[in-house]
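J.: Listed here are the chains, written in short residue letters.
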Amino acid sequence: MTSGGWRELCREGDLVPGSGVAALADDRQVAVFYLPGEAPAVHVIDNRDPFSGAGVLARGILGDLGGELVVASPIYKQHFSLVTGRCVEEHGVQLDIWDTRLEGGSVLIRPSSRPA
Amino acid sequence: MAQRELVIVGNGMVGHHLVEQLLAAGCRDHIRVIGAEPRPAYDRVHLSEVFAGRNPEDLALATRDEYERCGVSAHFGDPVASVDAERHEVVTERGRRFAWDKLVLATGSHPFVPPVPGADQPGCFVYRTIDDLGAIRAAAGAAESGVVIGGGLLGLEAANALRNLGLATHVVEFAPLLMGAQLDADGGAMLERLIAAEGIGVHLSRETKRIIRDPGGRLVLHFADGETLATDLIVFSAGIRPQDRLARAAGLRIGPRGGVMVDYHCRTSDSDVFAAGECALFGGRIYGLVAPGYRMAEVVAAQLTGGAAQFKGADMSTKLKLLGVDVGSIGDTRGDTGGALAYRFADEAAGVYKKVVVSADRKRLLGAVLVGECGDYDMLRQYVLNAVEPPGEPLSLILPRNDGAPAMAAHALPDGATICSCHNVTRTAILGAMDAGAACLADVKRETRAATGCGGCGALLASVVETALAERGVAVNHHLCEHFPHSRQELYHLVLVGGLRTFNALIERHGRGRGCDICKPAVASILASVHNEHVLDAEHVGLQDTNDTFMANMQKDGTYSVIPRVPAGEITPEKLIVLGNVARRHGLYTKITGAQRVDLLGARLEQLPAIWRELVDAGFETGHAYGKAVRTVKSCVGSTWCRYGVQDSVAMAIDLENRYKGLRSPHKLKFAVSGCARECAEARGKDVGVIATDKGWNLYVCGNGGMRPRHADLFATDLDEATLVRYVDRFLMFYVRTADRLQRTSVWLEHLEGGLDYLREVVIDDKLGIGAELEAQMARVIGTYRCEWKATLDDPEKLKRFRAFVNSETADDNIVMVPERGQPRPARPDEKVRLLAAENA
Chain A
1 MTSGGWRELC
11 REGDLVPGSG
21 VAALADDRQV
31 AVFYLPGEAP
41 AVHVIDNRDP
51 FSGAGVLARG
61 ILGDLGGELV
71 VASPIYKQHF
81 SLVTGRCVEE
91 HGVQLDIWDT
101 RLEGGSVLIR
111 PSSRPA
Chain B
1 MAQRELVIVG
11 NGMVGHHLVE
21 QLLAAGCRDH
31 IRVIGAEPRP
41 AYDRVHLSEV
51 FAGRNPEDLA
61 LATRDEYERC
71 GVSAHFGDPV
81 ASVDAERHEV
91 VTERGRRFAW
101 DKLVLATGSH
111 PFVPPVPGAD
121 QPGCFVYRTI
131 DDLGAIRAAA
141 GAAESGVVIG
151 GGLLGLEAAN
161 ALRNLGLATH
171 VVEFAPLLMG
181 AQLDADGGAM
191 LERLIAAEGI
201 GVHLSRETKR
211 IIRDPGGRLV
221 LHFADGETLA
231 TDLIVFSAGI
241 RPQDRLARAA
251 GLRIGPRGGV
261 MVDYHCRTSD
271 SDVFAAGECA
281 LFGGRIYGLV
291 APGYRMAEVV
301 AAQLTGGAAQ
311 FKGADMSTKL
321 KLLGVDVGSI
331 GDTRGDTGGA
341 LAYRFADEAA
351 GVYKKVVVSA
361 DRKRLLGAVL
371 VGECGDYDML
381 RQYVLNAVEP
391 PGEPLSLILP
401 RNDGAPAMAA
411 HALPDGATIC
421 SCHNVTRTAI
431 LGAMDAGAAC
441 LADVKRETRA
451 ATGCGGCGAL
461 LASVVETALA
471 ERGVAVNHHL
481 CEHFPHSRQE
491 LYHLVLVGGL
501 RTFNALIERH
511 GRGRGCDICK
521 PAVASILASV
531 HNEHVLDAEH
541 VGLQDTNDTF
551 MANMQKDGTY
561 SVIPRVPAGE
571 ITPEKLIVLG
581 NVARRHGLYT
591 KITGAQRVDL
601 LGARLEQLPA
611 IWRELVDAGF
621 ETGHAYGKAV
631 RTVKSCVGST
641 WCRYGVQDSV
651 AMAIDLENRY
661 KGLRSPHKLK
671 FAVSGCAREC
681 AEARGKDVGV
691 IATDKGWNLY
701 VCGNGGMRPR
711 HADLFATDLD
721 EATLVRYVDR
731 FLMFYVRTAD
741 RLQRTSVWLE
751 HLEGGLDYLR
761 EVVIDDKLGI
771 GAELEAQMAR
781 VIGTYRCEWK
791 ATLDDPEKLK
801 RFRAFVNSET
811 ADDNIVMVPE
821 RGQPRPARPD
831 EKVRLLAAEN
841 A
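Chains as they are written, first to last, in our numbering: chain A, 1 to 116; chain B, 1 to 841.
Hints listed in this document are in silico derivations from the structure and should not be mistaken for laboratory results. Model, not experiment: these values are computed from the prediction. Don't be surprised by glycine CBs; every beta carbon is placed ideally from N, CA and C. One should not assume that every hint holds.
Claimed, not checked - Here are the in silico distance ranges between beta carbons for each label pair: (1) B:T810 - A:E90: 54 to 62 Å; (2) A:G37 - B:A838: 30 to 38 Å; (3) A:E90 - B:T63: 42 to 50 Å; (4) B:A24 - A:E68: 46 to 54 Å; (5) B:A837 - A:E90: 24 to 32 Å; (6) A:G37 - B:A350: 53 to 61 Å.
Unchecked claim - Some but not every residue of chain B turned toward chain A, in silico, with C-beta under 7 Å: (7) C70; (8) R334; (9) N553; (10) K556; (11) D812; (12) V816.
Here chain B stands alone, though its shape is the one from the complex (with noise of 0.2 Å):
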């Protein structure tokens, strides 16, 4: 049997989830996708952020490669221009042909421009595409204030993006309050408190008659109640419609207000024709977030594979950062439901607001609305959704409490509950996840994706692991080995808080045993971030793994690699010709680092002081490449040389290294500083990346390279060399405190409970009020910065470790070197026979 033909029309979020679905479901036929757009599927619920410095090939959810190597073919930047129903084919602008046997309609929205005249100048832009994105930055260039017409969603996201751009932004809204579909009376009014309170213009019940350019060459806006008001930028943002011109032409039934008519499977009125996302049409509404057009991908996905799954409509609540202030909405906000009753609470100089709508029974939550403040969130919508019976006294679900701890416990759950609405993971998958095998909470998150799409349930999803755990009788076991029934970050606070300075003053009072090499690397670690006393200093020998005891790498024979530390990588040519002379004369080999220095091979253990006195004597010191500690600071050539740099990153990147040389952390540490977004110094993959902009710094944080890459997070932008250096201060204090055992920065952020959200709570706002602390401890570690090696050169006892033999001159002649490409290398077992074969003849 021929393959079927499966064309999905349109290649946003929906149509991309559908491609997916698709292919998880094992479907055999051949997916053709066609999108309007000149690029694959992006993330545009993310797309503001393009203007906080993000990059918008990162909002890819797509590629052509990905969708060639699973065999999807993908055409871009040529729309479908029309549907033929009954000869089962697509005809796109440029004139292509293609057939089908089933098609998926997901040609999205388009933004609504109200007919007002003069809404289609030059300087007029609508906020949907990263096209769309493109042209608004290159007018922003010569704007100084911007407009937003529509508060809603859509329109305070936008709005969002033109205060990224630096503009004096405005939004212009024709209801008497902001989000109306989202939020009440009262809740909007505490929006428009809180975003005025940024800074943002607010202009409620203004109704736009027409837009006029003046003779200083602004556009006027000229209100229904004769105000008016001058800008140099509008983006309209006062709705979406369907995009349903394409099924309209072909015969299929379309609603009354436009919108695709389809049934619970996702079904138009052609039996082979599917329509899914806001150009869908369901039960009269249509559904503007992007879980209900997942669920709807998801919903043709099964009927397309053989599966069953029904569209029942789509919970709309919804959680998000708007302009700074958080807002929640949930089910029936405004009370429609008949004899519903409200409670609410409200807190002006906090600049909270909080409602729940009840039942008239009270025996069922309706809806909740959550303004600046949603830590309840996750708790309320389950009482929604799962119609949990909320508390004889529902004031207290919004009246601030005490203990902080949530108002419902995850086993009052039902099984069924859904915990993550952006990926539909119920309770009763998180279990079976558990029940084949996931053990904790990152195993959950990686099978089900719950709490990897907004991050909304994260909270509400730990808890139902961790009970879970109980419940099978797993403890959580932190433990750092069979020595210590202590996390590290206990382990870090006894020997903070007791001012232990000793393996043994540890693990007497806090462990049992001897200590083993999982405890004793962690626990000097640990010492030395807070104490910073010499690694060889006699209490300390013994406890670290032996690169760090010699202060070198044990290479495979025995042997060791030598890095001295070159600061953002630059070095002078007389530095350059005294590390060539160092390496003849003790017969090393050379190799350049990926961290921009050299690294001297083949040392023997007795060698290293002689080696490091020259290095020491020649200017260089320690590159700490042994250690779990700040490796280098990568830098690119920068605005000094460089046509494109536009701030001196060298210059930067030295400064950055030579401040957190020496400290110590639970795993290694890599930054990097990039003069420009050309990014040359690839800081996106490093722990702490720096990039720079024209008005000052970009500070990436949680990113690596290695076994398992991450694109670091972008923290916080525009930033002065001040400001950077206090929260990377307390960042890497935070990280140091905090983590686990030979975690790294990314893995750290991800067990993080709140995320990045936290993390800048925590770094920015100073919500925990350590702040001073994380940078004081700081300063105490780079006040007691020494080189150890110089330190060690000068100290007879430490020199004395580095003998291959107590009892003998002789060097270890299990080491043996043979030359290649004009440089020693380790000889192979084979090799070292035929050497002692030719010996002995």
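So that you can see chain A by itself, here it is in the shape it has in the complex (with noise of 0.2 Å):
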């Protein structure tokens, strides 16, 4: 683990530009998207849907809502933000989302500091 807490996730090169990809960080499944040229270009938000409870969020396809970031789950279409890891159509429900960044080739993840 590096220094502040960060540590791999994967490679860049694991990623695909435009969609997302899932991984496991320890126990858990998160979903990472990547959208190179943007800045931050690498969202991670867990990639449970929590209305179904299936592992799919990865594989939703992304977009934005009234200028939010989104992806849209596969199996029931919700849309989840990708900065907060707020359900759009859900008031209350909340996906889990981790701070990331990429570092010589690497994409460096921590549990999120951000307030919900």
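Please assemble the complex out of the two chains, which come individually in their own frames, going by the hints.
T.: Here it is, written out as structure tokens:
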């Protein structure tokens, strides 16, 4: 583990531009979204869709709703913010989020300190 | 108080409409209908379509079950023999007696057969009921030619029926012109030219003196002028006479030439007895069209349920297509009104005749005749019915216009203007429906039923609705989503015309923001139908719904269903065994789908490539079950094996499926091919349905099952395979180009201005001149087809996506299967908890 609590999750080459991939962070499934050219370029949220219980959010379509960067769950299409983890359609439903950064071809994460 | 007994004699179109109106008004009486024919009410107006392949059952307007469910007692095939107005009783032919408090006579009319010697021979028929059609069809089998006596509206309908049966058809008319009740001399002459050009023999000014059978068994008509005409079959359609026998015998007042006399409440001379439809005589007239009959039924219903309505005569304007010719007739067509002036336009080369009749002061349009082209029918009718002042130069109403725009704006119509006469819908009613929440054309149609009868007012209705929407400040917004200020159709053209190949190119040039899960898949579909590149190519990754991205259908637990293509549902034993082995090897659940193929479920994302490698090696291809694409062509066994099959439906289905597989479209497309009229493949419930006839194939379009089932419409008949394919190519490409996102063909057709007729004009007549272009585009799609799973397996970059986790070889432990009926299925949450507890114990 590097200083500041950061640890390597995967390589940048594992990511898919404009889409998401799933990764394991210890026992947790996380979804990693890659928007090269944007700042930040990578977003990491919980991979588990709370409404179906399936680990599928990495396979959803990215977009923005009214300017908010979101992913649509493939199962029932609820939208989750990549920045805050909030569910757009259901007030109060919240995904865990991670801070992330790219460094030397690595994708680093740590549990988020951002307010929900 | 005891329930009132209401007996309706006759279950034709008007009798049935009366029942509907009574039920809609919440009538508390016990309703009893007694029909002479052995079947419930059916659409007599479209009878001739039965010979074009339409099922008689589809003409049904009511069923016994529906009547029963609504508490209506219904008796068929046992006509009323007498009416007792004193004792308030009817007696049927079989001797059943029913009491009534109120009686409605809706007995309609019978065909008039002129008293010509020989008119009662075998081989002579009338044209009114489904049973008549059965008799005519039976006789037509051995016949080569047929004659219709009577050149009016019904006669020409009967001629159409004979033509559909494949007979050389002739029309014999006593008067010097056809449709003398609706057209003027010049219009009749143009109609004659156009019909003769269709191959129909037209014989005017012919009075039939006798009909004799010659030694060869043929029927010979002898005319007053000495001419003769030999034929095999004769249909009399020389007019109608009201069926007023019951009323006459019951002592009700009858008109001098027949018909039950009624007042403006449709009441007869007995205050407890009403009459409606063609048996009724109002103001000295019998109204021989269904719309006035419906108005009478509505008046009777109002009288019986405490409403207030009056029959004041009816507009006898009519617009129809006879033997392929459009004909329209409005108001005073012959200028009988004193001082009336006529304006005429005739183009013999194009086969068009138009006339308007204007009042002496030129402030009112009194009538119009249209032959060959009826686009302005709605507009002209509005002028006549609502006394709208015509333009200073009335000729402008009938001369060809360059811009094609209607000559009267929708907002020039008065509020009370009748927009739809079949269902009597005024502009006020339409605006009322919109005030109550109808927000688009489809809503208005559903609420008011306008434009759902003959459909003739369609364009006018659309104009009224759009104008009203604009007036209400509702921008009719067809934007795809917040990222594109364009409809799907517009985006399609932007992609096509701009040669754009990626989502980014399109959104940069014509949109804003990053896109979303609405526009990305829609654009991906458009790109696929135009360029047909692989869905997993780098630029297209991330656009597709997960199903399309991973080319499998995601299930509730994140596993996938795998469906290889099984064209037409035909599969060899070897291939069945392969499927069984693949399922066993990978622990998959198997089920047969409704589309006649095999579904393998429970596949994890990372298993998909291995599964597909085995399938591809065994000769399978992707089934596109995941895509908004052509799915399958369902088939019945056909003439190869089946006793009844008249064509090889399996071979046709295989050809069609192999041709169109891979075509991406606004929504899924399902086809079926049936080898005979028994229709075991259920083609009538498909987007493209093909049913074999002994001469070829009938093509049906725009049906579907699912949440809103709809029967397909008959599009063309007796096609050979080449023509069928050409029409389907054009139909599919036209749909792909012009439909909205996720719009099934049925909904698309509902919104298509001009409906099925227009679709035929575009596809069959190539009215827009785009037929070759559409076919070329289809050829491109077909030419660039490749199985996308095969392509994925050959491409390591694409295969990389099929991993559960990018940083681990562990499987997703969220996916848990339990056994049920000998197969695996996803564990429920409570089962997962128990299994976990058992593991940790």
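J.: All hints, please: hold or fail.
T.: Status of the hints after comparison with the structure:
1. B:T810 - A:E90: 54 to 62 Å: For B:T810 and A:E90 the Cβ distance comes to about 30 Å; the hint is violated.
2. A:G37 - B:A838: 30 to 38 Å: violated, 49 Å
3. A:E90 - B:T63: 42 to 50 Å: Taking Cβ atoms as reference, A:E90 and B:T63 lie about 45 Å apart, which means the hint holds.
4. B:A24 - A:E68: 46 to 54 Å: With Cβ atoms ~48 Å apart, the hint holds.
5. B:A837 - A:E90: 24 to 32 Å: holds, 29 Å
6. A:G37 - B:A350: 53 to 61 Å: Holds - the Cβ-Cβ distance for A:G37 and B:A350, about 60 Å, lies within 53 to 61 Å.
7. C70: violated, 39 Å
8. R334: With a closest approach of 63 Å, the B:R334 hint is violated.
9. N553: violated, 11 Å
10. K556: Holds, because the Cβ-Cβ distance from B:K556 to chain A comes to roughly 6 Å (cut-off 7 Å).
11. D812: Holds - the Cβ of B:D812 comes within 7 Å of chain A, reaching about 5 Å at its closest.
12. V816: B:V816 check fails; min Cβ-Cβ to chain A is 11 Å, beyond 7 Å.
Checked against the numbered hints listed earlier, the structure breaks hints 1, 2, 7, 8, 9 and 12; every other hint is satisfied.
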